[in-house]
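Same order as they appear, the protein sequences are chains A and B.
FYI, the working numbering numbers position 238 of the first sequence as 238, with every residue one higher than the one before it.
FYI, the working numbering numbers position 183 of the second sequence as 183, with every residue one higher than the one before it.
Do not take every clue at face value.
Below, computed lysine to any residue pairings styled on SDA-like, alpha-carbon distance capped at 25 Å [stated by the list, open to error]: (1) A:K402 / B:K230; (2) B:K235 / A:K40; (3) B:K423 / A:D76; (4) B:K68 / A:A414; (5) A:K64 / B:V317; (6) B:K417 / A:A79; (7) A:K40 / A:A13; (8) B:K235 / B:D319; (9) B:K417 / A:D233; (10) B:K73 / A:A79; (11) A:K203 / B:N211; (12) A:K402 / B:D304; (13) B:K107 / B:F120; (14) B:K213 / A:Q99; (15) B:K203 / B:T308; (16) B:K230 / B:V242; (17) A:K402 / B:N211; (18) B:K236 / A:H419; (19) A:K93 / A:A41; (20) A:K147 / A:D233; (21) A:K107 / B:Y370; (22) B:K73 / A:H421; (23) A:K213 / B:I214; (24) A:K402 / B:D231; (25) A:K402 / B:D368; (26) A:K230 / B:I105.
Just so you know, the hints here were simulated from the structure itself, not pulled from any lab data.
This one's a predicted model, so the numbers in the text were calculated from it and none came from an experiment.
Number of protein chains: 2
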Amino acid sequence: MKIREAAHDMKLAAPILASTTIGQRNGALKKIAKALEDHKAEIFEANKKDMDAAEKNNIAAAVKKRLKYDEGKLRDGIAGIEQLIELPDPLGKLSLNRQLDENLILKRVSVPIGVIGVIFEARPDALVQISALCIKSGNCAVLKGGKETVETNRILFKIIYDSVVKAGLPEGCLLQAELHNEIDELLTCDGDIDLLIPRGSNKFVRYIMENTKIPVMGHSSGICHIYLDKDCDMKKAIPIIVDAKIQYPAACNAVETLLVNRNIAKEALPEIAEALTGSGVKLRGTEEVSELISCEIMAEDEFDTEYTDLIISIKLVADVKEAVEHINRYSSHHTDSILTENAEAAEYFMNLVDSAGVYHNCSTRFSDGYRYGFGAEVGISTGKLHARGPVGLEGLVTYKYKLFGSGQIVGDYASGKSHFHHKDI
Amino acid sequence: MKIREAAHDMKLAAPILASTTIGQRNGALKKIAKALEDHKAEIFEANKKDMDAAEKNNIAAAVKKRLKYDEGKLRDGIAGIEQLIELPDPLGKLSLNRQLDENLILKRVSVPIGVIGVIFEARPDALVQISALCIKSGNCAVLKGGKETVETNRILFKIIYDSVVKAGLPEGCLLQAELHNEIDELLTCDGDIDLLIPRGSNKFVRYIMENTKIPVMGHSSGICHIYLDKDCDMKKAIPIIVDAKIQYPAACNAVETLLVNRNIAKEALPEIAEALTGSGVKLRGTEEVSELISCEIMAEDEFDTEYTDLIISIKLVADVKEAVEHINRYSSHHTDSILTENAEAAEYFMNLVDSAGVYHNCSTRFSDGYRYGFGAEVGISTGKLHARGPVGLEGLVTYKYKLFGSGQIVGDYASGKSHFHHKDI
Numbered sequence: 001m002k003i004r005e006a007a008h009d010m011k012l013a014a015p016i017l018a019s020t021t022i023g024q025r026n027g028a029l030k031k032i033a034k035a036l037e038d039h040k041a042e043i044f045e046a047n048k049k050d051m052d053a054a055e056k057n058n059i060a061a062a063v064k065k066r067l068k069y070d071e072g073k074l075r076d077g078i079a080g081i082e083q084l085i086e087l088p089d090p091l092g093k094l095s096l097n098r099q100l101d102e103n104l105i106l107k108r109v110s111v112p113i114g115v116i117g118v119i120f121e122a123r124p125d126a127l128v129q130i131s132a133l134c135i136k137s138g139n140c141a142v143l144k145g146g147k148e149t150v151e152t153n154r155i156l157f158k159i160i161y162d163s164v165v166k167a168g169l170p171e172g173c174l175l176q177a178e179l180h181n182e183i184d185e186l187l188t189c190d191g192d193i194d195l196l197i198p199r200g201s202n203k204f205v206r207y208i209m210e211n212t213k214i215p216v217m218g219h220s221s222g223i224c225h226i227y228l229d230k231d232c233d234m235k236k237a238i239p240i241i242v243d244a245k246i247q248y249p250a251a252c253n254a255v256e257t258l259l260v261n262r263n264i265a266k267e268a269l270p271e272i273a274e275a276l277t278g279s280g281v282k283l284r285g286t287e288e289v290s291e292l293i294s295c296e297i298m299a300e301d302e303f304d305t306e307y308t309d310l311i312i313s314i315k316l317v318a319d320v321k322e323a324v325e326h327i328n329r330y331s332s333h334h335t336d337s338i339l340t341e342n343a344e345a346a347e348y349f350m351n352l353v354d355s356a357g358v359y360h361n362c363s364t365r366f367s368d369g370y371r372y373g374f375g376a377e378v379g380i381s382t383g384k385l386h387a388r389g390p391v392g393l394e395g396l397v398t399y400k401y402k403l404f405g406s407g408q409i410v411g412d413y414a415s416g417k418s419h420f421h422h423k424d425i
Numbered sequence: 001m002k003i004r005e006a007a008h009d010m011k012l013a014a015p016i017l018a019s020t021t022i023g024q025r026n027g028a029l030k031k032i033a034k035a036l037e038d039h040k041a042e043i044f045e046a047n048k049k050d051m052d053a054a055e056k057n058n059i060a061a062a063v064k065k066r067l068k069y070d071e072g073k074l075r076d077g078i079a080g081i082e083q084l085i086e087l088p089d090p091l092g093k094l095s096l097n098r099q100l101d102e103n104l105i106l107k108r109v110s111v112p113i114g115v116i117g118v119i120f121e122a123r124p125d126a127l128v129q130i131s132a133l134c135i136k137s138g139n140c141a142v143l144k145g146g147k148e149t150v151e152t153n154r155i156l157f158k159i160i161y162d163s164v165v166k167a168g169l170p171e172g173c174l175l176q177a178e179l180h181n182e183i184d185e186l187l188t189c190d191g192d193i194d195l196l197i198p199r200g201s202n203k204f205v206r207y208i209m210e211n212t213k214i215p216v217m218g219h220s221s222g223i224c225h226i227y228l229d230k231d232c233d234m235k236k237a238i239p240i241i242v243d244a245k246i247q248y249p250a251a252c253n254a255v256e257t258l259l260v261n262r263n264i265a266k267e268a269l270p271e272i273a274e275a276l277t278g279s280g281v282k283l284r285g286t287e288e289v290s291e292l293i294s295c296e297i298m299a300e301d302e303f304d305t306e307y308t309d310l311i312i313s314i315k316l317v318a319d320v321k322e323a324v325e326h327i328n329r330y331s332s333h334h335t336d337s338i339l340t341e342n343a344e345a346a347e348y349f350m351n352l353v354d355s356a357g358v359y360h361n362c363s364t365r366f367s368d369g370y371r372y373g374f375g376a377e378v379g380i381s382t383g384k385l386h387a388r389g390p391v392g393l394e395g396l397v398t399y400k401y402k403l404f405g406s407g408q409i410v411g412d413y414a415s416g417k418s419h420f421h422h423k424d425i
């Protein structure tokens, strides 16, 4: 079936999935967890085909690590589903319960967004995690994973979909897209798909954002900063800077730019440079920085660079004010951290940096749904509307207003015959 | 100054406005209320110029009523500001306060969206209301009102802006755009403007949505439905249907389509037709409807029509299920109402209709920020993300995550040396 038609059918099925009970949705998650365990031999066999193809195509070792789906990843996936089952129902939560007048009651109730399209990188564990989040939150989903794991994705999706339908959730509530050209078809499904969540390279996410009328949640780049204040504690600072750069340099929350207070630069920079180069990090800095440590000289307009590699940009600033200005100009509004023992500087930074995550004395790498305790995440948003930062279950719901009346008309309120009294109950 | 440059400066001023205290923002609102009162003679004089121009240009009487800014509207505007002052601070609210580990505290705090562009119809009272909402919520704003009230808008804006700056809020936090071609310039300010809220005609709002990369909140059309169930109480139903159509037919929450259960159509339709035509409403219906009452025959594909006039579409359906299917297909997801005494049918409708407002036994015209008790609204959103339905202060804020650490690095958690314990505090 064509994606457009399937998405349209899904739109009609969405209110039915939205009306299921938490018992039904958790029941489906339990069935998925069991089926993954029961069919693991088939899953590993399918994954072997993907790994063989990766071998033949000379895929890089770091990427192959992501493609691999083994006993450990299966166990983590099942554990993730079990954790999700324990979380409270994100649907049906009342965020407003107000008597507008006698027998005229307004309730604002959380409901699923509806139909979500998720396009994600070649990682079979992502397919399991994203499907589970969508089911728990009552959302229909079109899933498109990376082509390098097509065999693994196909069997995983079949297991998940069969479990969901067996548990009584509506047929067609999940759909897998397999072909790359189906992405472009997906982008035209405005009216049927309520939200797109693209994950992957900067270029890919930007392509999605620029070629659809469907709202997009995610981030194209992750240009994160650390500002080293004059009142910092170097014993904390060095490990944090090194961790933020090297613990997983390809991650969007790895630091790309280090801003150093000019007053301590002469003393602090050589120590930092030694720690970073000792960990294999290449240093780039302004001319002023190059006078204090050995580094490649860079221009001001290069501070919008996301390396996703063992490279870091370094610049000196006069104070926290200049640091904040630089960050608000060049940051991708993802996560930025200040290292200082000065409470006033920290407060200024935390309040004035306009990013999804503002950190004090810790590594930017903490910006992650699992580390925040959300159980799982569908992605990280650098947009400011709806959801910001790591997006878990809460980001997959919206609300609707239910108004329960007993014959009221607006004319009576306009004429003064009736009056609102707006009492929260 | 060009709009683009001004918006860029505003982006830099936004974090400063975001950091003001509620005392400062309420202080500015108080100054505005007083200045409006003090300068009312000048305001009415400016409005007279607009009204004279409207007279010369043969503007329709209904529109002139909107352009007029008199003692009554000024009083309402000041009362609205005073009500807004009484509301709690929408900023700095904690929606998450969690210990991730010892001395590693995550807080999710409400913050302003940043820079908002509001483009609104020719109504001077809208300028006052929107400015006040933006100031209370700490947002910078570019305001563009309708050209028919240019003189009134200019003096109102001057009074508001002067009061705000005198109260100590940052210069440049509010800007008025006056020329129509500045709208197109506004649409290109992605990166500086965080959100656009367009109000006005269907065509105008759609133009904005299709010609900018800035997120847009609002609604282009308002195709609202009433479904008359077989178990309805006609004594409630007739006044509700009439109110929803005639109380303000140009409003987006006026009903456009009436769905009637086939089992009661023969009895109910003549009574409804009499009440509606008696109020000057023109009836249009399917062929089946035309066999029961006198009406203009319409085709199925015309049910996506928003009349904003004294005209209504009528169709028969088999049951609540078919009514919901019709609504989910043709509704603009604004507000839809069921009239029934049957609890089961009502529950089905309230759960399965996918609209911002789902109503039971009351008029669709209640869908409004003031009636919901929000004090004021910047608009009504038919989108599903961020804010849905009438948008008041809550829709003008987002949140950021603040993480307070004491030297933590992710490497220690990855290696198992440290562990998250995720305790809400």
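Here is what the structure says about each hint:
1. For the proposed pair A:K402 and B:K230, the alpha carbon gap of about 21 Å is at most 25 Å, so the pair holds.
2. Under the criterion of a C-alpha separation no larger than 25 Å, the hint pairing B:K235 with A:K40 is inconsistent with the structure, at around 63 Å.
3. With a C-alpha separation of about 22 Å, the suggested pair B:K423 and A:D76 falls inside the 25 Å cut-off, and the hint holds.
4. At most 25 Å may separate the alpha-carbon atoms for a hinted pair to count; B:K68 and A:A414 meet this at roughly 19 Å.
5. The hinted pair formed by A:K64 and B:V317 fails the criterion: a straight-line CA distance of about 56 Å is larger than 25 Å.
6. Between B:K417 and A:A79 the CA atoms are separated by roughly 21 Å; this keeps the pair inside 25 Å, and the hint holds.
7. Straight-line distance between C-alpha atoms of A:K40 and A:A13 comes to about 30 Å, which puts the hinted pair past the 25 Å bound.
8. A distance of roughly 21 Å separates the Cα atoms of B:K235 and B:D319; the hinted pair therefore holds under the 25 Å criterion.
9. Proposed proximity of B:K417 and A:D233 is supported: the alpha carbons are some 22 Å apart, at most 25 Å.
10. Note on B:K73 and A:A79: the hinted pairing is violated, with a Cα-Cα distance of about 61 Å set against a maximum of 25 Å.
11. As the CA atoms of A:K203 and B:N211 are separated by approximately 22 Å, the hinted pair is consistent with the 25 Å bound.
12. For the hint pairing A:K402 with B:D304, the CA-to-CA distance comes to about 23 Å; that is within 25 Å, so the pair holds.
13. For the hint linking B:K107 to B:F120, the alpha-carbon distance of about 36 Å lies beyond 25 Å, and the restraint is violated.
14. For the proposed pair B:K213 and A:Q99, the alpha carbon gap of about 39 Å is over 25 Å, so the pair is violated.
15. Pair hint B:K203 plus B:T308 holds up; C-alpha atoms about 13 Å apart against a cutoff of 25 Å.
16. The straight-line distance between the Cα atoms of B:K230 and B:V242 is roughly 19 Å, inside the 25 Å bound, and the hint therefore holds.
17. Restraint check for A:K402 and B:N211: the C-alpha separation of about 33 Å exceeds 25 Å, so the hint is violated.
18. For the hint linking B:K236 to A:H419, the alpha-carbon distance of about 18 Å falls within 25 Å, and the restraint holds.
19. The straight-line distance between the Cα atoms of A:K93 and A:A41 is roughly 40 Å, outside the 25 Å bound, and the hint therefore fails.
20. Taking the CA atoms of A:K147 and A:D233, the gap is about 47 Å. The hint is violated against a cut of 25 Å.
21. For the hint linking A:K107 to B:Y370, the alpha-carbon distance of about 15 Å falls within 25 Å, and the restraint holds.
22. Only pairs whose Cα atoms come within 25 Å are accepted, and B:K73 paired with A:H421 is accepted, the gap being roughly 22 Å.
23. Taking the CA atoms of A:K213 and B:I214, the gap is about 12 Å. The hint holds against a cut of 25 Å.
24. Distance check on the hinted pair: A:K402 and B:D231 sit about 20 Å apart at the alpha-carbon level, within 25 Å; holds.
25. For the suggested pair A:K402 and B:D368, the alpha carbons sit about 13 Å apart, so the restraint of at most 25 Å is met.
26. Note on A:K230 and B:I105: the hinted pairing holds, with a Cα-Cα distance of about 23 Å set against a maximum of 25 Å.
The structure fails to meet hints 2, 5, 7, 10, 13, 14, 17, 19, 20 from the earlier list, while all remaining hints are met.
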